[in-house]
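A.B. asks: Each chain is listed here by its residues.
Number of protein chains: 2
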Amino acid sequence: MLTISKNLTFITLSRSSLLNLNHTPFNSTTKLPFPTKAFSFTPMASSSYNPEQARAPPALPLPVPPLSKASFLFTFKIGLCQLSVTNDKERNIVHARKAIEEAAEKGAKLVLLPEIWNSPYSNDCFPVYAEDIDAGGDASPSTAMLSEAARVLKITIVGGSIPERSGDKLYNACCVFGADGKLKAKHRKIHLFDIDIPGKITFIESKTLTAGQTPTIVDTDVGRIGIGICYDLRFQELAMIYAARGAHLLCYPGAFNMTTGPLHWELLQRARAADNQLYVATCSPARDTESGYVAWGHSTLVGPFGEVLATTEHEETIIIAEIDYSTVELRRTNLPLQKQRRGDLYQLVDVQRLNSK
Amino acid sequence: MLTISKNLTFITLSRSSLLNLNHTPFNSTTKLPFPTKAFSFTPMASSSYNPEQARAPPALPLPVPPLSKASFLFTFKIGLCQLSVTNDKERNIVHARKAIEEAAEKGAKLVLLPEIWNSPYSNDCFPVYAEDIDAGGDASPSTAMLSEAARVLKITIVGGSIPERSGDKLYNACCVFGADGKLKAKHRKIHLFDIDIPGKITFIESKTLTAGQTPTIVDTDVGRIGIGICYDLRFQELAMIYAARGAHLLCYPGAFNMTTGPLHWELLQRARAADNQLYVATCSPARDTESGYVAWGHSTLVGPFGEVLATTEHEETIIIAEIDYSTVELRRTNLPLQKQRRGDLYQLVDVQRLNSK
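In order, the protein sequences belong to chains F and W. Numbering-wise, the first sequence is residues 94 to 450 according to the numbering used here. Numbering-wise, the second sequence is residues 94 to 450 according to the numbering used here.
By construction, these hints were calculated from the structure, which means they are not laboratory data. From the three backbone atoms N, C-alpha and C, an ideal C-beta is built for every residue, glycine too. Some clues are possibly wrong.
Below, simulated DSSO-like cross-link-like pairs (lysine-lysine); rule was C-alpha separation at most 30 Å, straight line [to be verified]:
# : chain 1 : residue 1 : chain 2 : residue 2
1 : F       : K432      : W       : K293
2 : W       : K450      : F       : K450
3 : F       : K262      : W       : K432
4 : F       : K293      : W       : K170
5 : W       : K275      : W       : K262
Chain W regions said to be covered by chain F (calculated; three or more residues, Cβ under 8 Å) [what the hints assert, rightly or not]:
# : segment
6 : 205-218
7 : 259-272
8 : 396-405
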């Protein structure tokens, strides 16, 4: 729970400082009280080590989560819908709609769906189940449902992913809808899943899909969220960029498999959370041992110390768990990594944010 | 074990391409057969994604481990000496000498010692136990012992760390000795341990110590090794830089504590290994619940899939485990992350290597 520090300062949120954000719901000059770092111990001689130069452009300050405007609380519930997925798209849409409703009934203000929840996960199915998200309406019944559910239930939905058709290309795309039902962001999987572990798992997603061209971070009613899809989780640079853009939470719809799941699924999400000192939520389809691609399951919420806050096994379920953004500040006070980085020795460049300056 | 692929190519090792390396034991133009990536699946359109630009300068190729010259084997044994440490420096040196000898008798060609093994871990002790490593001889009995042991036993020693006095400054320093007894490298802890978790652990290493000014990677008889000390492990950028400089193995002497140990010790080393697809070895002091700083123990060897290959609890022990560098190549073939990075979206700059060009 949040403890309001006596040592309050005011930070100014500037829209111009938030680049490549699809939406900024809070007023661009709102000043809000925010508990700040109260520690006073002697840091390393940071002037010569230039910690601010460890990110280019320099990292943005953590924004005040908009939910605090009303309540001074930084807490809300997230729902992770680990859905069973069949080859019947209509059923999948109705089924996902029911799960979202159930999560909202249980208090979730943010619902996360799995990777490829409207279609079996296979290169054969992607073109068949793909939808034209930009055209909308009948051309994309899956996202039409997400928009309607978000609006009616007044929640934010990070809509897992579906195969997207755009012109002659196919993408693995995640749509984020606000509580008003509007599309706030669309992330196209940046790193395609091309791996070859002989005798275990071989999958070449790039046979059918095209990779996205941009990281996606979005301001919502429940904080600033960076989006990655499954294999994107393997690339620590993406999470580092999102952290530097001020993300509170990273959401990764993902479908790791029976080889990479036990090896890396929990490890990678815990590492992203601990290294970047933010929340990480993942959502997998439930396991179907009859399908061509068998998902690992184990949807999980991880806190900013890399601690598993809620998880599950492989069966269909809805995880409801609490997020408290005040712990992000707390952990960054305990371990002030962002002030201890050595910008004189290494620098991570966010290419698009730098170029847009 | 190594399987020699039919698909052999020859790579040329160029001394000039290896910057900031203290020693290059193999002939600078030696050509050696090396199993290379045999996979032929269609990659993402890497030309436009510029994976080679994800590191600046571009990543160096993985060097051929010198041990393969003689045997065509990429395997050797490592010894992790989880030592008990007392306030009697002479005893600590004799005790460490015996442990190194025992590890060598059990076949270890590389021995790793803990962080601060000749002194209690405290800001009060660092100035008292510090040695002038550069002066050598009687001014540094701890490193004199390491040099002698390495020479007599014909092994490589990554000598944990000791407090170092250099002029009016103190450092937390790790010395690497070759099988000839010569000092190959000295790493001064780059990221000082300044943390504050109220009621749990507060330690301000920068009260007494000065931070090092350079990453340290060194070619030895048992491969190219990147060095970090304890808190250095928290900064993923350092491991990424070492991987880009062609490290086979990262060695982290470390003394996590009873709070950060269970939270992060194994997580961070597994993450560094899996993300960078190389070996990671850590070595802690044994736990002494009577001391002012209680170490977590749990010295560990992790493989390039992030898998724990050998570990222990908190008591004094010597872990002997096998390293097989052919699995580094194998895992990079299974998951070709280095070819899938998005240099068009992010770039990690190795500042010193870039500036030395």
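A.B. asks: Name the hints, by number, that the structure is in violation of.
C.D. replies: 6 and 7
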